[in-house]
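**Q** This is what each chain is made of:
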Amino acid sequence: MNDSPAPPKLKVAVWKFASCDGCQLSLLDCEDELLPVAETIEIAHFLEASRAVAPGPYDLSLVEGSITTPQDVERIRELRAQSKLLVTIGACASAGGIQALKNFARVEDYLRVVYATPEYVETLATSEPISAHVRVDFELQGCPIDKGQLLEIVLAYANGREPRVPRHCVCVECKRAGQVCVMVASGTPCLGPVTQAGCGALCPRWSRGCYGCFGPMPGANAEGLDERLAMLGSDPRERRRLFSTFYANAPAFRDRHAQGRADEESS
Amino acid sequence: MGTQKSGTPGRGDGRRVDPPDVPGGAPASLLEPAAVGDLLRILREQGYRTIGPTLQDEAIVYDEIEGLGDLPAGLTDRQQPGEYRIEERSDDALFGYNLGPRSWKQYFFPPSLRLFAARRAGRGFEIEPPDADPPALALIGIRPCEIAGLDVQARVFTGGGHVDPWFAAARERAFLVAVQCAQAAATCFCGSMSTGPRAERGFDLALTELLDEGEHRFLVEPGSARGREVLAVLHPTPAGPAERARAEAATRRAESQLSRSVDGEGLPELLEAALEHPRWAEVAERCLSCANCTMVCPTCFCHTVEEVNDLSGERTERWRRWDSCFSGEHAYIHGGDLRPSTRGRYRQWLTHKFGTWHAQFGSSGCVGCGRCIAWCPVGIDVTEELAALRVGSDRAETAETEEAT
Ligand code: SF4
Ligand code: SF4
Ligand code: SF4
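Those protein sequence lines, which keep their order, are chains A and B.
Under the numbering used here, read the first sequence as residues 1105 to 1371, first letter to last.
Under the numbering used here, read the second sequence as residues 76 to 480, first letter to last.
FYI, nobody ran anything at the bench for these hints, they're computed from the structure.
All residues carry an ideal CB built from backbone N, CA and C; glycine is no exception.
Keep in mind that a hint or two might mislead.
[Unchecked claim] Covered stretches of chain A, going by a simulated chain B footprint (3 or more residues, C-beta under 8 Å):
hint : segment
1    : 1206-1217
2    : 1267-1276
[What the hints assert, rightly or not] So, partial list: chain A residues that the calculated Cβ filter (under 10 Å) puts toward chain B:
hint : residue
3    : L1129
4    : L1132
5    : T1144
6    : E1146
7    : I1147
8    : K1251
9    : L1255
10   : L1259
11   : Y1315
12   : P1322
13   : G1323
14   : D1367
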């Protein structure tokens, strides 16, 4: 192949915080793709795949899940210190996830409804992204993340280059695919214009509005879209719920939630 | 190909300067609706892929069609800023709609195109040739403004020193069956861009659908030698003055329905002087920077070039994909984004399309198709924005004059 000595393997670790494991599953799903690059990557810590673990430090830590307990806060600081690069994978790690809905409610209320003995549960009042606690080198969006984008991240770092992940919205993917816009052609509320690309416009391609599961794109004008949805006849509750799912805690969507609440109360 | 750069800037219709292909004007003839099916069959037998209007997911879009049954018979579209709806007509018109979201540019400037690949070979690399040639397409139902749009893109991709091989080959091979507009959508403004509602040239065949008084026939005009040959096989009957008059009336009807317009007078200069106009900030509050306008625009040509490498690093492909002045990557250079604000992006789109395009390519970048108006998810209307910029600029001028006196 070439005569220079093989570069050292990229030592990769995968970590989990408050999450459903779906993003780690995307990594397991990359098995076939990752086998041929076993020479360039060493999976040093990935409990979902293997109980064999190697101690740190690590070249690349992929972090799934949000920070919801006092122990999480300690552990993420420790991991950051052990990792040259720290990349969050998915909505939970990058924005707090669906569990960040508790940020809009009283956590004691949830505890009482869900757990028989809430006093055994030690939890923070909020679900926060990793970036609220430590420096993050790259946030990979999606609920769950896209396998292709994950591979791009790993390969980019293994090859010492910047990852190339789009910063435009879902509409660009939707139009490149030749899909008819559901918002314009049938008035279906769609978060595509404010949502980061990555899914290949999966929902619009099935004639459904985008649910925003890749989170707001950089600079998203969620307020502009919200106003348009109101003009199209969507009521404040429906609109608030639209923005309050996987990325409810991302600032652009969180503002819509707050506005929706205010509108509901005043109407 | 008939592209030329000598058109009067601001008018966008230098096309009409060329002499018609058919000396002495086109001898029009008549076809029955069923003959449109024969036309499709003949073109397919000649090796063309026939692309035309068909109903898909609540819109009439261009896609491969095989026969008469694929056409959107009896359907029409109702359009408003940010809104498009399919409706039924009271007749069986085959081409009784206006424009859908997909322009023909998808075939000449594909959304994603593999330019070439490179494979590691020893210490160097070998280039794999680009993808196969574009197919020969028959464009069934291309509208006058769309012919103009194709011309505008042809000037971009083939008019300079570096000819885009895919575009040039696709354009060279394409057989154009135009359909003259007999109605206008509420979003159309071809009249003020001098691109419609009737095409005089630039097609191989042009059809006008005649539907009055219970008749359903097509007036056909050939526009090229190829067109005449194909038409001859269909054995049309000659058209008389009555049918010609009806075709003219159809054009007049479309013309009278045009409800939007752009005042092109001094527009490039006006836009250049309006860079700090407050309207840009106002429109930026509504604009989502979603790029839909540029994706549906038949003349927008911005693209990005990406290298995609395989996992072993042995082989890399270079892809060209549609990009937009509204995307975060488009103006991203070393050190950051040149145009981070929506205000700046919207201003770039409008001032390029209606202003600096003239200096760059010798015509307006807009052909008045109205797609960007209908398919903007928040219904931003370029004609309204341009009018607002003009009003404000006039006021600014008046204020200056008043101060001076
Ligand atoms: S369907 Fe949704 S994602 Fe697709 S263009 Fe319309 S608004 Fe954008
Ligand atoms: S700017 Fe709008 S109206 Fe003009 S050609 Fe493009 S899509 Fe059509
Ligand atoms: S003008 Fe409309 S279609 Fe264009 S980027 Fe803005 S919101 Fe999207």
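**Q** Does each hint fit the structure? Answer for all of them.
**A** Evaluation of the provided hints:
Only residues whose C-beta sits within less than 8 Å of a C-beta in chain B count toward coverage, and the segment 1206-1217 of chain A has 0 of them, not enough to reach three; the restraint is violated. Given as covered by chain B, the segment 1267-1276 of chain A passes the check, having 7 residues with a CB less than 8 Å from a CB of that chain where 3 are the minimum. Annotation: L1129 (chain A) was flagged as interfacial toward chain B, and the flag is violated, the nearest CB pair being 20 Å apart, outside 10 Å. Here the hint on L1132 (chain A) is broken, as its CB sits about 16 Å from the closest CB of chain B, past 10 Å.
With a cut of 10 Å, the hint placing T1144 (chain A) at the interface with chain B holds, because the nearest CB-to-CB distance is about 9 Å. A distance limit of 10 Å between C-beta atoms decides the matter here; for E1146 (chain A) the minimum to chain B is near 16 Å, and the interface restraint is violated. Here the hint on I1147 (chain A) is broken, as its CB sits about 15 Å from the closest CB of chain B, past 10 Å. Interface hint at K1251 (chain A): violated, since its Cβ lies 13 Å from the closest Cβ of chain B, which is beyond the 10 Å cut-off.
A cut of 10 Å between beta carbons decides the hint on L1255 (chain A): the least distance to chain B is about 7 Å, and the hint holds. The interface hint given for L1259 (chain A) holds, since its Cβ lies 7 Å from the closest Cβ of chain B, which is under the 10 Å cut-off. The beta carbon of Y1315 (chain A) is not positioned within 10 Å of any beta carbon in chain B (closest approach about 16 Å), and the interface hint is therefore violated. Taken as an interface hint, P1322 (chain A) checks out: its beta carbon lies about 6 Å from the nearest beta carbon of chain B, inside 10 Å.
Checking G1323 (chain A) against chain B by beta carbon gives a least distance of about 7 Å; that is within 10 Å, so the hint holds. At a threshold of 10 Å, the smallest CB-CB gap from D1367 (chain A) to chain B is about 18 Å, leaving the interface hint violated.
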